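**Q** The hints should help you fit chain B onto chain A, whose structure is shown.
Line by line, the protein sequences are chains A and B. Heads up: the first sequence begins at 24 in my numbering, then just goes up one per residue. Heads up: the second sequence begins at 24 in my numbering, then just goes up one per residue.
Treat each hint with caution, since some may be false.
Any copy, or any two copies together, can satisfy a pair, since identical chains are not distinguished.
To be verified - In the PhoX-like style, the derived pairs of lysine-lysine whose C-alpha atoms are separated by at most 25 Å in a straight line are:
1) K167 with K53
2) K286 with K84
3) K286 with K167
4) K53 with K168
5) K42 with K286
6) K167 with K192
7) K53 with K278
8) K198 with K168
9) K47 with K192
10) K141 with K157
11) K286 with K236
12) K54 with K192
13) K54 with K157
14) K54 with K168
15) K141 with K167
16) K27 with K286
17) K229 with K278
18) K141 with K168
19) K286 with K54
20) K54 with K278
21) K198 with K54
22) K54 with K167
23) K141 with K27
24) K27 with K167
25) K84 with K42
26) K27 with K53
27) K192 with K286
28) K42 with K27
Note that these hints are calculated values from the structure, not bench results. What you are looking at is a predicted structure, and each value in this text was computed from that prediction instead of being measured.
2 protein chains.
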Amino acid sequence: MNIKIFINGFGCVGRALAKIIVEKRDVIEKKYGLRIEVVAIKDSRGAVFSSEGLDINDLLKLIEYPRSSIGLYEPYGRMDIGLDEIYDQCSPDIHVELTPSNYDGGEPGISNVLYALKRGANVVLANKAALVYKFREIMGIARKKGLVVKYKATVMGGTPFIDILLSLKTIHVSKIYGILNATTNYVLTYMHRHLVDLDEALGNAKSIGIAEKNPIYDIEGIDAAAKLVIMSNTLGIPLGINDVMRTSLRNVSLKDIVDALRKGEVIKYIAQIDFEEQLAEVAPRRIESNNMLAGIDGLMNAVVIEHEYGNIFFSGKGGGCRETASMVLEDILSASMRGV
Amino acid sequence: MNIKIFINGFGCVGRALAKIIVEKRDVIEKKYGLRIEVVAIKDSRGAVFSSEGLDINDLLKLIEYPRSSIGLYEPYGRMDIGLDEIYDQCSPDIHVELTPSNYDGGEPGISNVLYALKRGANVVLANKAALVYKFREIMGIARKKGLVVKYKATVMGGTPFIDILLSLKTIHVSKIYGILNATTNYVLTYMHRHLVDLDEALGNAKSIGIAEKNPIYDIEGIDAAAKLVIMSNTLGIPLGINDVMRTSLRNVSLKDIVDALRKGEVIKYIAQIDFEEQLAEVAPRRIESNNMLAGIDGLMNAVVIEHEYGNIFFSGKGGGCRETASMVLEDILSASMRGV
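Bound-form chain A, shown alone:
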């Protein structure tokens, strides 16, 4: 069976996805009988598309193309092109939404996802903001139309963590807490190890590409809050991003770290939802060093789920382009094989 996918957004995750598809397409076809065809890729300024599917050479060249310029690619590129034409020409089975998360309203992710559903495509997202603002609406429309929306890559992007929550449909979860943002965990780990202040640690993270130039979503807890919103809604419990209290990581000084270390503790940037107390927050917290979260360093993430039968502890890579893309690909497969 051929699965026609449309990659909307072609930054680091999109390019990693294209690369993994090139590498693994034949194995996937052999193992699962699914042939993944990339029929369209769009960036912020243009798109390439071919209703037959782009071939391996096209994909390899596009991966190396400068940012926001794939519309110039010959012969399939077109600048200034809208979703209408892409859908009319290519009829994708799966819309992969990889535009950046925008926490000032959620666009263009929201409109793109709603458009895809309107046109009858299943949706796979790494973009968090669309779900943060419109989780229930998006899921409701998908359900009515018999489509699926998958989003494993949005939380602990390098792991299938969301699937654990999806398998707790009948189990009462009282609390979830953990380390959900890789950038700030890297920064905190660096502060503890090198005894430097936040700005120096952040400078290091920027220099090696772990932190963005303006990492406000990370440092102010917005990214972690967004993940809490997605996790809560996955469990069927509404939570808006403005319901999450946030304390900036900027509040952590080198002195705080030294004080904590002297007492055999560490400081972690903890995101938590307490469903009993109806409390959601992201804040720096002191953790005793024998707590399992204390050992989760660098780019690792970890979550504790307290439920009616005990605790689940889960840790894995928080993100990374290829890691995130690998979970997008898992969702593409699971959307294609639903019911299996």
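**A** Frame of chain A; chain B shown alone:
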């Protein structure tokens, strides 16, 4: 939508499942639009069935009925009844296989599951042995018939661990290792804490109902080996139970424990598959005390998955009747809502 389920096997997990269904049926109907009807329950000597579904009073009384005697229950009980008549009368949508795992060939689980598929029922298992001996055959038949076979309860029974493996379809897993048997982990923890030998620890485990009277499947590593077989096959890599090398927990003396503790280590009963080396084994191993597995005590289980992008660590309750039943119920829901 009504979902008619047939519970085949009515020991501690079956009874816990019936109880959870009584408690949560209305919530599940409200939240997911699924009405779970128990149309039949069978134990080793008889069965109760009603094509309309047993009501709450029936279920509550049956939960308290003596073992292997539900066939005497009035007016729905019947002794000495076969699957044919149950299927003819009740046409279950989902067959829930909870007979005990038998590692001397896998019966009656295998025949029961194959029968269910032949009759067009989806299958949910807590019975491991049927999958251990016939994983590929069972999955192949299900796929051909458009049915699903779910088995979350078979590995780390109180958690949705299997779903993690199912979401690693395109990711190369090189190694899986961990603590997969709750009984032996309890026994080992007891030996470390009280500095007693295996038989004394086992006596304690039996006295509080954690170990069976004859816990050979646990102590000889057969249960853990069975779980490795299911895990490997879930990843699409064939492995038979006889391919798993086993070293009995009986090899661990109190002296070994004391020696390990003196060196800041602990002994754990580790199950592992190394896919590169094509090696699967269950054996007592010394673990340094700063290893995350060293802190997994008592009835907890934990697994490390080494894959191409890093490690996933997962821990949770290994079993327990209600915990296992809760995962059976999750599978019933996911089989009912497939494609959603």
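**Q** Decide, hint by hint, whether the structure agrees.
**A** Going through the hints against the structure:
1. K167 with K53: between (33 Å within a copy, 17 Å between copies)
2. K286 with K84: neither (54 Å within a copy, 56 Å between copies)
3. K286 with K167: Neither: 55 Å inside a chain and 61 Å across chains, both beyond 25 Å.
4. K53 with K168: Answer is between: at 20 Å across copies they meet the 25 Å cutoff, but 30 Å inside does not.
5. K42 with K286: neither (47 Å within a copy, 47 Å between copies)
6. K167 with K192: within (20 Å within a copy, 28 Å between copies)
7. K53 with K278: Neither. Shortest intra-copy (57 Å) and inter-copy (52 Å) distances fail the 25 Å Cα cut-off.
8. K198 with K168: So K198 and K168 fail the 25 Å test inside a copy (33 Å) and across (40 Å) alike.
9. K47 with K192: For K47 and K192, the Cα distance is within 25 Å only across copies (11 Å; inside one copy 33 Å).
10. K141 with K157: within (15 Å within a copy, 43 Å between copies)
11. K286 with K236: neither (34 Å within a copy, 47 Å between copies)
12. K54 with K192: Between copies, since 9 Å is at most 25 Å while 30 Å is not.
13. K54 with K157: between (35 Å within a copy, 19 Å between copies)
14. K54 with K168: Close across copies (19 Å), not inside one copy (29 Å); limit 25 Å.
15. K141 with K167: Classified as within; 11 Å inside a copy, 32 Å across copies.
16. K27 with K286: Neither: 56 Å inside a copy, 57 Å across copies.
17. K229 with K278: within (23 Å within a copy, 52 Å between copies)
18. K141 with K168: within (9 Å within a copy, 31 Å between copies)
19. K286 with K54: Neither way: K286 and K54 sit 53 Å apart in one copy and 47 Å across, limit 25 Å.
20. K54 with K278: neither (55 Å within a copy, 49 Å between copies)
21. K198 with K54: Classified as between; 20 Å across copies, 39 Å inside a copy.
22. K54 with K167: Cα proximity of K54 and K167: across copies only (15 Å, versus 31 Å in one copy).
23. K141 with K27: within (17 Å within a copy, 34 Å between copies)
24. K27 with K167: Answer is both; intra-copy 22 Å and inter-copy 24 Å each pass.
25. K84 with K42: So K84 and K42 pass the 25 Å test inside one copy only (10 Å; across, 59 Å).
26. K27 with K53: Within one copy only: 17 Å inside a chain, 36 Å across chains, cut-off 25 Å.
27. K192 with K286: Close neither inside one copy (40 Å) nor across copies (44 Å); limit 25 Å.
28. K42 with K27: within (16 Å within a copy, 45 Å between copies)
Figure legend: structure checked against the earlier numbered hints; hints not met, in rising order: 2, 3, 5, 7, 8, 11, 16, 19, 20 and 27.
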